[in-house]
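*Asks:* Chains A and B, in that order, give the protein sequences.
This note's numbering puts the first residue of the first sequence at 1, with every later residue one more than the last.
This note's numbering puts the first residue of the second sequence at 1001, with every later residue one more than the last.
Everything labelled a hint here was simulated from the structure, so no lab data went into it.
Owing to the predicted nature of the structure, the values given are computational and were not obtained by experimental measurement.
Be a bit skeptical, because a hint or two may be false.
Partial chain A-side listing against chain B, Cβ under 7 Å, derived [what the hints assert, rightly or not]: (1) S324; (2) A328; (3) G331; (4) L332; (5) G333; (6) A334; (7) S335; (8) Q338.
Ideal placement from N, C-alpha and C gives every residue a C-beta, glycine not left out.
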Amino acid sequence: MTDIVSPVPSSFTKTVSPARRDIGIKRRYAAERRFRMYGIAAILTGLFFLFLLLWTVISNGYTAFQQTTITLPIEFSEKIIDPKNERAENPGKLMAANYPLLVRDALIKVLNIDPSNRALVKRATDMVSASARTQLRDVVVANPAVIGTTVNVSLLAEGNVDSANKGQIDLDVDEARRKVNNQQLAWMKQLNDAGVMTKEFNTGLFTYGASSRPEAAGVGVAALGSLYMMLIVLVLSLPIGVAASIYLEEFAPKNRFTDLIEVNINNLAAVPSIVYGLLGLSIFINFAGMPRSAAVVGGLVLTLMTLPTIIIATRAALKAVPPSIRAAALGLGASKMQTIFHHVLPLAAPGILTGTIIGLAHALGETAPLLLIGMVAFVVDFPGSPMQPSTALPVQIYMWANEAERAFVERTSGAIIILLAFLIVMNFGAILLRRRFERRW
Amino acid sequence: MNMMSEAAVEKALDKKMNDVSFKMIGKDVSVYYGEKRALFDVNLNVRQNTVTALIGPSGCGKSTFLRCLNRMNDTIDSCRVTGKITLDEGDIYDPSIDVVELRARVGMVFQKPNPFPKSIYENVSYGPRIHGLARTKAEMDQIVETSLQKAGLWNEVKDRLLEPGTGLSGGQQQRLCIARAVAVSPEVILMDEPCSALDPIATAKVEELIHELRANFTIVIVTHSMQQAARVSQRTAMFHLGNLVEENDTDKMFTNPDDQRTQDYIMGRFG
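The following block holds chain B by itself, in its conformation from the complex (with noise of 0.2 Å):
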């Protein structure tokens, strides 16, 4: 890989986004919150080794369906879903699939960093610990700091591993949160607005690892930046009042959308 030139990974990469097939599917997937209905028919597939990103007005819905992927909305008591939603074939919400064997695949990143308060290292190894992945502690060690460089935190952190994770700045947490995702080595990542609370240049840094992770994993990311959609997905899913307007290849939706509303939505004209 290394030999290889940036953009001839790049290449690599969009090919096979192109000719795999899809990684997840939703279909019909409509979700409501006690007697209100939050989604409507959604049909989205969600394209392997690819960033997905899902825009639209606050309230359009974007983040249930991101949560619908790993089921965490099955957190909300009020909370019900119809449709289907396949992860390699396979139904999610099928009676047979174990939530949490489900969500050991579809990891999840939050809108603010949310580090557990203890150890860099007990983050990170929270995940394979409780999933088994590491017989010892050699093992454990080199999960945690591949995860760690994985989220470009490794440098910044090796030497103070056991010191509290809440302690980092928030940048430094988000990407602490990333590599605590990762350690699980999940296919799919979903990262609901990571960005919102940090300043540009943590944002940079978060961007140009959604980038890199790009490599490994699949990617769901919903944004209110459109810039951020346009730097870094290949998809762009637009959302609105609960239904899916558009869906496209991120240069086609930036420059010319089938859509009058996402045309609306990207020139600012609301939301």
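Isolated chain A (complex conformation) (with noise of 0.2 Å):
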């Protein structure tokens, strides 16, 4: 450092330009060409990939977006619903009336059938869904006034009615073998032409709970739980995991049990799942005594498991917030929390977002944890509250997987499509929130 700096020797003023080697330029430019080669052929596949998923999801599951319906002029006749007159002192009575047989007769009256040959009434009714019982029903009880009149009601059509309706049962099988008869298609050509029999928008695939009748099945009560669960995991997850980050990253003292913590968040990043699910089932359930299948206790659980992702995204926006900016808030004498919570926590905001969005996505499409804590349930009524029994939109999906019905199939794929269309709303959320906190400096 303090040697003398000796002037230039001037030797090397005069300049001899040495032989150049040959150090491969053609093959250093086909490396380069080669590996953007191999680049886009990975973006392909993955595309190729994405598009085979897509493509196979929504093939498959956008039928399930319309329903067969049946409008038949019902005759609400007081015969049949109240033969005793006493729905005044009873009115339960209307609860249990007869209503399947008012389909029958508006059915017999429509299709024109011999009311004695009980096979083909049989059959008739068959096309009619079961849940057409509750459906006259809720009208009968939300209105008893109709009771003696005849009013046209929309009434869905059985599944595989349904299924065949819109093209999906092999016409081709033989009849023994076939679930949709010969007869029964003859009638459906009928009913079509006259315009009875249509195919609606399937406003039940969202609002109805569960059902073991694909046309009464919907993601209503999973989606109920599932949305549940997003609110007890984001007003959990964030704040806790905000909190911690920012105590481990600004305020910790780096020694050895802050290293063995931070080991130890990275670990549980990577733990399966349904670790969490037995952790849940160990803890809040028979530990705790909180109720099974119940969407406090998949929220807790869900944040157990996404805490771990927000803290490491929350660190990294900590870390990647230019240390000038806290020098210039502590050189003007601002306490160490004023810096953070003037300065660091605004800039850092966009990946803490975004972390806890991806966070929120992933747990949004967790089904493991959720089948060991009782979620995996036949829930037919929409949860008052957390506490009640719920499901999960993926397990949903999984419960109708398992069905046999060809209406199923398409629901299954309608659900994934619902499912999907979630998370891509959550994502590009995610986007606009980063691209609206972002700030250059």
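Dock the two chains into a complex; use the hints.
*Replies:* Have a look at this one:
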């Protein structure tokens, strides 16, 4: 350092250009081209499989958003519903009335069947979903004044009729082994021509709960359960995760203990999700005595699962804030707390939000831990609170995938489309939030 | 003040400088980064209303010493400071001293302009706001305006106070940082190579500004440029390998230094 710099030797000025070695320029360019090709090939492979996935799901599932209905003029005959006229004293009478009989009578009239031919009548009534009973009951209970009048009611077609109407049943199969027989097909044609049988947008797919009849099954309960869980995960994991990261990143001394914590957080992010399910089962349900199949337990388990993701993302976002901003605030006399909350956190917000939403999206699609805490259940009624039994979207998909009916196949794909739509909306939200909060310096 | 000629002002300041006792006194200051010792028993006093330049080759400890003066070294975990540094006779490393209050009295300008990614107004008003210097919006506006004027930036930015401070040019950003430091009304301003990231024109502006700030503040500046030290400072301290080699009037330092190493460094023989 203290050496006096010697003057440049004069021999250096006369330069003789040395013979250039062959450094393989052509090979270098070839290698670069090859590498680019690998990259393009990788991207194309990815795109191909993505396309394949979406194509399979959408081509199988788009029909689930339509449902065949049969609109029949139902005569709400007092003789059948309430023969002894006791509904004023005993409202329960309306709940238990023989509504399928109304459907049968309407069908006999519309299709012109001999009422004494019981086999034929049975075939006709089989075309309407058994859920018609509850459908008609709801109409009457909501408005008892309809008794004694004739009203057009759109009834759900039975699942196999729905499938046949959408052309999903192979008609070349022998009639005996077919779910829909020739007589029913003929009636379907007749009803279709008369405009009685129509395909309508399937609102039931979004609003119904579980049902063993595909036409009356929907993701309503599962979506509400998922919503409860997402709210619980968001409310718990965001503040806990951000607080933990700020402490670890900004306040905690760097010693063996904090190193151990850091290693463990990274490891927790890699723990299989089913292990979290076991943990939830033993701690929240068996030890703390929380209800089974409830969204609150699912939410807590998913919170535990999401926390490491959020902590890792938040710490990375905090680390990425330039130290010069911290120095500037500290140099002005801001306390550590003020520095973090006034300057560091706002700059880290886009990263934190992105991490949180990706964590939430991950939790939304998580199935395995929910199976262990009993959220794989046949839940018909909407849960009024997170403490009541419910299912979740991915679990509903899993349950429908196990069903045999043709109509459940399309509904499985339909539910997947709904779940994917949720995820796309969430990821899009993450991108928007990041754009909104992003600042340049 | 305006009535007096510039030379008279200079003279008055120089008189004040020589009259008044030391603003900050560093006694036997040593700094350790973990096991490594970065400063060896430095005794350096900073005079009031004076620009003190710290020069020396890279890694000589001048920035380390500067950062001791407002305890910015506290933010480095492994850093340990021994010795005594006083500000107006009060020990700044005394446990009773609040580091927040100290940094309000001893402001800092950094090597790279580091405005907050917020508006120009917010950049300047942040310090006064956290220290409660303004009670009303009008008072705050006043502080922002005077600070920007002191930093010679007011005329350039007065119409775009709400635009982001990061949108200014490098030189303007650095003057914004100076305005930000000035806004908390510190007594001492520390500058860590404030011009190293600036072009010559911006550097000239900042140097002019340092010259003007001397009237109200005590300034300690770290610089790599000998010419800059000669231009802006009245006192110069030369560091080498963690030791204070020499501290003297700038004029003497650059014409007839006492120490051979200072002579060699200034002549460009090492460093």
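*Asks:* Hints first: check each against the structure and report whether it holds.
*Replies:* Hints and how they fare:
1. S324: 4 Å, holds
2. A328: Holds - the Cβ of A328/A comes within 7 Å of chain B, reaching about 5 Å at its closest.
3. G331: Where the cut-off is 7 Å and the nearest Cβ of chain B is about 4 Å from G331/A, the hint holds.
4. L332: Holds: closest Cβ of chain B sits about 4 Å from L332/A, inside 7 Å.
5. G333: Since chain B brings a Cβ to about 4 Å from G333/A, closer than 7 Å, the hint holds.
6. A334: Nearest chain B Cβ about 5 Å off; hint holds.
7. S335: 5 Å, holds
8. Q338: This hint holds: Q338/A lies near chain B, its Cβ roughly 6 Å from the closest one there, short of 7 Å.
The structure shown violates none of the earlier numbered hints.
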